[in-house]
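Chemist: The chain contents come next:
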Amino acid sequence: MLPTFTYIKPTTLDQAVRELATPGARACSGGTDLLGCLRDRVFTAEKLVSLNGLTELRGVTELANGGLRIGALTTLTEVATHALIGAKYQVLAAAAAAAASPQLRNQGTIGGNICQRPRCWYYRGDFACARKGGDICFAKEGENQLHAIFGGDVCVMVHPSDTAPALMALDASVRLVGPRGTRTVPMGEFFVLPSKDHTRETVVEPGELVTELVLPPPPALAVSTYRKLRARGAWDFAITGAAVALGLRGKKIESARVVLSGVAPVPWRVEAAEKELVGHELSDALIERAAQRASANATPLSGNAYKVALVRGAVAEALSDLRDKG
Amino acid sequence: MSDRGKQGPCGPQGVSRRGFLTTVSSSAAAAAVVGAVAPTVAEAAPRDASEPTPIVLHVNGRKYRLAVEPRETLISVLRERLGLTGSKPGCERGECGACTVLLDGSTRYSCMTLAVEAQGHIITTIEGLADGEELSELQKAFIHEDAYQCGFCTPGQVMAAEGLLRKNPAPTMDDVRLGMSGNLCRCGAYGHIFKAVQKAASTRRAGGAK
Ligand SMILES: Cc1cc2nc3c(=O)[nH]c(=O)nc-3n(C[C@H](O)[C@H](O)[C@H](O)COP(=O)(O)OP(=O)(O)OC[C@H]3O[C@@H](n4cnc5c(N)ncnc54)[C@H](O)[C@@H]3O)c2cc1C
Ligand code: FES
Ligand code: FES
Numbered sequence: 002m003l004p005t006f007t008y009i010k011p012t013t014l015d016q017a018v019r020e021l022a023t024p025g026a027r028a029c030s031g032g033t034d035l036l037g038c039l040r041d042r043v044f045t046a047e048k049l050v051s052l053n054g055l056t057e058l059r060g061v062t063e064l065a066n067g068g069l070r071i072g073a074l075t076t077l078t079e080v081a082t083h084a085l086i087g088a089k090y091q092v093l094a095a096a097a098a099a100a101a102s103p104q105l106r107n108q109g110t111i112g113g114n115i116c117q118r119p120r121c122w123y124y125r126g127d128f129a130c131a132r133k134g135g136d137i138c139f140a141k142e143g144e145n146q147l148h149a150i151f152g153g154d155v156c157v158m159v160h161p162s163d164t165a166p167a168l169m170a171l172d173a174s175v176r177l178v179g180p181r182g183t184r185t186v187p188m189g190e191f192f193v194l195p196s197k198d199h200t201r202e203t204v205v206e207p208g209e210l211v212t213e214l215v216l217p218p219p220p221a222l223a224v225s226t227y228r229k230l231r232a233r234g235a236w237d238f239a240i241t242g243a244a245v246a247l248g249l250r251g252k253k254i255e256s257a258r259v260v261l262s263g264v265a266p267v268p269w270r271v272e273a274a275e276k277e278l279v280g281h282e283l284s285d286a287l288i289e290r291a292a293q294r295a296s297a298n299a300t301p302l303s304g305n306a307y308k309v310a311l312v313r314g315a316v317a318e319a320l321s322d323l324r325d326k327g
Numbered sequence: 030m031s032d033r034g035k036q037g038p039c040g041p042q043g044v045s046r047r048g049f050l051t052t053v054s055s056s057a058a059a060a061a062v063v064g065a066v067a068p069t070v071a072e073a074a075p076r077d078a079s080e081p082t083p084i085v086l087h088v089n090g091r092k093y094r095l096a097v098e099p100r101e102t103l104i105s106v107l108r109e110r111l112g113l114t115g116s117k118p119g120c121e122r123g124e125c126g127a128c129t130v131l132l133d134g135s136t137r138y139s140c141m142t143l144a145v146e147a148q149g150h151i152i153t154t155i156e157g158l159a160d161g162e163e164l165s166e167l168q169k170a171f172i173h174e175d176a177y178q179c180g181f182c183t184p185g186q187v188m189a190a191e192g193l194l195r196k197n198p199a200p201t202m203d204d205v206r207l208g209m210s211g212n213l214c215r216c217g218a219y220g221h222i223f224k225a226v227q228k229a230a231s232t233r234r235a236g237g238a239k
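These protein sequence lines map, in sequence, to chains H and U. For the first sequence, the numbering used here begins at 2 and goes up steadily by one. For the second sequence, the numbering used here begins at 30 and goes up steadily by one.
Be careful, since some hints might not be right.
Straight-line C-alpha distance at most 20 angstroms; calculated DMTMM-like pairs for lysine to aspartate or glutamate [what the hints assert, rightly or not]: (1) U/LYS92 with U/ASP160; (2) H/LYS48 with U/GLU80; (3) U/LYS196 with H/GLU79; (4) U/LYS224 with U/ASP203; (5) H/LYS133 with H/ASP198.
Estimated spans, in silico, between C-beta atoms of each pair [as the list claims (entries may be wrong)]: (6) H/THR62 with U/LYS92: 50 to 56 angstroms; (7) H/THR62 with U/ARG195: 23 to 29 angstroms; (8) U/GLU162 with H/LEU64: 38 to 44 angstroms; (9) U/GLU163 with H/ASP237: 35 to 41 angstroms; (10) U/GLY134 with H/GLY126: 35 to 41 angstroms; (11) U/GLU162 with H/THR62: 45 to 51 angstroms; (12) U/GLY90 with H/ARG70: 35 to 41 angstroms; (13) U/ASP175 with H/ASP127: 40 to 46 angstroms.
To give a feel for the contact side, a few chain H residues facing chain U, derived at Cβ under 10 angstroms [claimed, not checked]: (14) MET2; (15) GLY37; (16) PHE44; (17) THR78.
None of these hints come from the bench; they were simulated from the model. These numbers were taken from a predicted model, which means no experiment stands behind them. Heads up, the beta-carbon is just placed ideally off N, CA and C, and yes, glycines get one too.
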């Protein structure tokens, strides 16, 4: 049984913001992450504010500048199968298609996906861990084979989202609305490292909600892909993943984004690997060097040194895939 | 729960064996009233958290009007209030697929869906596939291909397959594997399940049958 809460389904954004601003209120989109957290008593909710009455937050629209607006309530299935996303932003379509299971993709939204809470077994379990306001991160000394090899600090959880690294590789930004109006935050500034604040994953303030994701027009000749490594072939979180987007002129790489999933408390952008790529053509040697760069400076824990090799593999496979396509 | 109503749910064909048992035991008495009612949305100011909210659910072609607590999941309402016990609660965490139903034709986990949120959608459960006593081609294919052992996961598997075939009437084996990847089978009947789905797909294509 879920714990008790009240429920309200606003039909306007104003009403949703007002309802969300009350203490103990939580936004509910697909509920695939939220209900699990409530059932497991990870945190509580006085009131669920269902966003599903806000039809304007659903769907994908092309922007005048050639970019794309994706409403926060758009389901992962819609993102994975949308023709424009598949044609211009392959990495996002691939990441959405690789997330969770068919049922969860039919239900889970992209807004909920980037706002989902950590999957760390101590956080989800009966432990008063640092992220829940306790003193220690149990994973540091405990079972940490699925935890961070980059960016860990007070907490070594990994960010569970597949779509977030893809959105970051596409230089997307997040539109938020709250009691103090609207604001736009680049994906690169949306997530919060534990060294800054280990009790939150995103910059979303209480009372705020994500309304849409904005994708800039892709470079004239752009290729992108997502390589996800996991224990099962489907329906599992990334142990390690690589979202890669390249802008090309002929065969030469003009711009590059390499963002890792499953290895850090935030989607982990590796600029060293990007720099290695820019100005060159994709060759075996270049792919090897970039993959090497992506995995450099990792600080594995007692049980997850294997992830360093996975990073190298995921980046190399993603780049090889793009070379074959490009 | 026994104070919520007394009218047991029974299919259009009359009282099912399970419906009879649950009505008699009264532990799962449901407040299901069949009839035309305008959908009520819980838009009013929230009241006491445990106070039941009146809702209307459209399940298998019938309208049910009942009062639920906001925290009640669709699987628990289907089973405990409406007596539709075909959908199975396995993990109740979105991990096993035993609770799979269709919402507006798309597969969904009823354990991760609040009953209040299922309002305004067309819900189809395993009980809604057969035409009276006549099983659907998909259900028959599961029997012919021996696509189960203990049978616990079967209703969820069948609903996942139904959702898949509605979207993709001619799936390749890879499409079937991926489309069915949200459903676990502890007995490991996967090979037979996949065959059943492909068999049903070709029967449907050949005959236009349901
Ligand atoms: C078994 C299982 C496997 C999974 N596997 C994967 C996987 O492989 N990859 C992956 O990426 N995800 C995975 N997930 C997570 C799931 O796919 C995502 O949680 C889903 O996209 C969340 O969307 P939702 O709409 O259901 O979010 P909800 O559960 O409704 O919300 C999630 C969180 O975000 C907040 N929120 C929701 N919408 C908004 C908004 N618009 N603005 C601000 N805050 C908001 C909620 O308050 C809540 O805290 C898995 C989940 C399960 C249960
Ligand atoms: S009971 Fe719903 S997925 Fe397991
Ligand atoms: S038949 Fe037993 S769990 Fe699938």
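Chemist: Against this structure, judge whether each hint is valid.
Modeler: A quick look at each hint next to the structure:
1. U/LYS92 with U/ASP160: Holds - the C-alpha atoms of U/ASP160 and U/LYS92 are around 18 angstroms apart, at most 20 angstroms.
2. H/LYS48 with U/GLU80: Holds, because 13 angstroms separates the two Cα atoms, which is no more than 20 angstroms.
3. U/LYS196 with H/GLU79: holds, 13 angstroms
4. U/LYS224 with U/ASP203: holds, 12 angstroms
5. H/LYS133 with H/ASP198: holds, 12 angstroms
6. H/THR62 with U/LYS92: 50 to 56 angstroms: violated, 35 angstroms
7. H/THR62 with U/ARG195: 23 to 29 angstroms: The hinted range 23 to 29 angstroms holds for H/THR62 and U/ARG195, with Cβ atoms some 27 angstroms apart.
8. U/GLU162 with H/LEU64: 38 to 44 angstroms: violated, 55 angstroms
9. U/GLU163 with H/ASP237: 35 to 41 angstroms: holds, 39 angstroms
10. U/GLY134 with H/GLY126: 35 to 41 angstroms: Given about 37 angstroms between the Cβ atoms, the range holds.
11. U/GLU162 with H/THR62: 45 to 51 angstroms: holds, 48 angstroms
12. U/GLY90 with H/ARG70: 35 to 41 angstroms: The hint (35 to 41 angstroms, Cβ to Cβ) holds, given that U/GLY90 and H/ARG70 are roughly 37 angstroms apart.
13. U/ASP175 with H/ASP127: 40 to 46 angstroms: Taking Cβ atoms as reference, U/ASP175 and H/ASP127 lie about 41 angstroms apart, which means the hint holds.
14. MET2: This interface hint holds because 7 angstroms falls under the 10 angstroms limit.
15. GLY37: The hint holds - H/GLY37 has a Cβ within 10 angstroms of chain U, the shortest such distance being about 5 angstroms.
16. PHE44: violated, 15 angstroms
17. THR78: holds, 7 angstroms
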